[in-house]
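Asker: Between the sequences and the hints, there should be enough to build the whole structure, so can you do that?
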Amino acid sequence: MSTQSRIAWIDTLKGIGILTVVAGHIFPEAVSRYIFLFHMPLFFFIGGFLFKPAADQKEYLAKKSFHLLVPYVAFLFLIYVPYELKEIMAGRETYVKAVIRPVLGGRYLIEWVSVFWYITCFFLVQQVMNVLMNKVSKKVIDLLMLVSLLVSYALSRFLPSFWLPWNADVVFAALPIFYLGYLYKGAQEQISRYKIALFVLLAGVILFTYYYPANRYEMKAAVYGIPFVTLFSSLVVVLCLIELSKVIATNATVSKVFNELGTASMIVMFLHQPIQFIAKEQFGIADPATRFFIAVVLSMAGYYLLNSLAFGRAVFMGSLTDFKKIFSKEKLATV
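Residues are numbered in the working numbering as their position in the sequence shown, beginning at 1, plus a constant of 7.
Check each hint, because a few of them may be wrong.
[Claimed, not checked] In silico lysine-lysine, BS3-like type, Cα no more than 27 Å apart, as pairs:
| no. | residue 1 | residue 2 |
| --- | --- | --- |
| 1 | Lys253 | Lys192 |
| 2 | Lys146 | Lys253 |
| 3 | Lys142 | Lys59 |
[To be verified] What follows is a set of in silico ranges between Cβ atoms, one per label pair, in the way DEER data are often shown:
| no. | residue 1 | residue 2 | range |
| --- | --- | --- | --- |
| 4 | Phe290 | Glu36 | 21 to 27 Å |
| 5 | Ala69 | Ile95 | 41 to 47 Å |
| 6 | Ser315 | Phe169 | 55 to 61 Å |
| 7 | Ala175 | Asn314 | 42 to 48 Å |
| 8 | Ser199 | Ser144 | 27 to 33 Å |
| 9 | Ala210 | Lys104 | 24 to 30 Å |
| 10 | Asn314 | Val261 | 30 to 36 Å |
| 11 | Gln195 | Lys104 | 30 to 36 Å |
| 12 | Ala62 | Val88 | 38 to 44 Å |
Please keep in mind that the hints were generated in silico from the structure rather than gathered at the bench. Glycine included, C-beta positions come from ideal geometry on N, C-alpha and C.
Answerer: Following this line, the structure appears as structure tokens:
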């Protein structure tokens, strides 16, 4: 498979994935219960698939810090500050909590910025995995991933109120999924041979989830469903979505829509919650389908606006190239 076609289906998959993220936050339990089975594991799996170990760990840390944490902070200022001012003026929040929330991040971020937990958790997963890839053998990593999964189950079962800043505790659950995505890169052709079996399993997963609502992955809250069963169910859905994305990617017209969404997925993730909350609370738009449409369209509009500006790409998309162009020593010297 060529690099171009590989990227095409990955962008398609990310496009499908971000639509499920938006839908999961808007549609009622009857729909969201199925979405919460797979939508966040999907993005950790994709991250693992795209992961490339870097020998220079300091450079990797700096690169990923800029790409992920700069937009994280920028969107916190853009979205969190007005939200907190609104809450403080309404008497629902204190100044102390307003300052503490963005520092701790993770579970402490709610409402408009509730999805921001993913960025810091994903960043930590990348860094841990890169260290492991450089320091230990594959056999040791395999064992550590099993231990990590078991720790995540133990924390969820016996210490449900325990959590760490930046959702660092969820790293234990996310690491194995990320690693499986990395391993899938070398096994995708073999797995694709069993696509019919995968879709048969998918039907079983849907039916099982219907009768057992506990079969869901709420990663932010460290609720991992039924040990091993829910993980398996989630991976079945992810693998089926991959096969679907590969089919869609062969149709240039249809795939273009999903590819655009996939390219903009991080911006859509940051923007869709405040948009849909404002639509509901300020404009009285209660219909989930309407809010879903508004959230996706306006989030994409925000993406196109930011992408058209060098400052937008540098600060809100983590583009180091654009950042250097704007804040280069030569330009600063002329100011």
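Asker: Take the hints in turn and mark each one as holding or not.
Answerer: Quick rundown of the hints versus the structure:
{"no.": "1", "hint": "Lys253 - Lys192", "in the structure": "holds, 14 Å"}
{"no.": "2", "hint": "Lys146 - Lys253", "in the structure": "violated, 31 Å"}
{"no.": "3", "hint": "Lys142 - Lys59", "in the structure": "holds, 15 Å"}
{"no.": "4", "hint": "Phe290 - Glu36: 21 to 27 Å", "in the structure": "holds, 23 Å"}
{"no.": "5", "hint": "Ala69 - Ile95: 41 to 47 Å", "in the structure": "violated, 35 Å"}
{"no.": "6", "hint": "Ser315 - Phe169: 55 to 61 Å", "in the structure": "violated, 44 Å"}
{"no.": "7", "hint": "Ala175 - Asn314: 42 to 48 Å", "in the structure": "violated, 31 Å"}
{"no.": "8", "hint": "Ser199 - Ser144: 27 to 33 Å", "in the structure": "holds, 28 Å"}
{"no.": "9", "hint": "Ala210 - Lys104: 24 to 30 Å", "in the structure": "violated, 46 Å"}
{"no.": "10", "hint": "Asn314 - Val261: 30 to 36 Å", "in the structure": "violated, 22 Å"}
{"no.": "11", "hint": "Gln195 - Lys104: 30 to 36 Å", "in the structure": "violated, 46 Å"}
{"no.": "12", "hint": "Ala62 - Val88: 38 to 44 Å", "in the structure": "holds, 39 Å"}
The structure fails hints 2, 5, 6, 7, 9, 10 and 11 (numbered hints given earlier, in ascending order).
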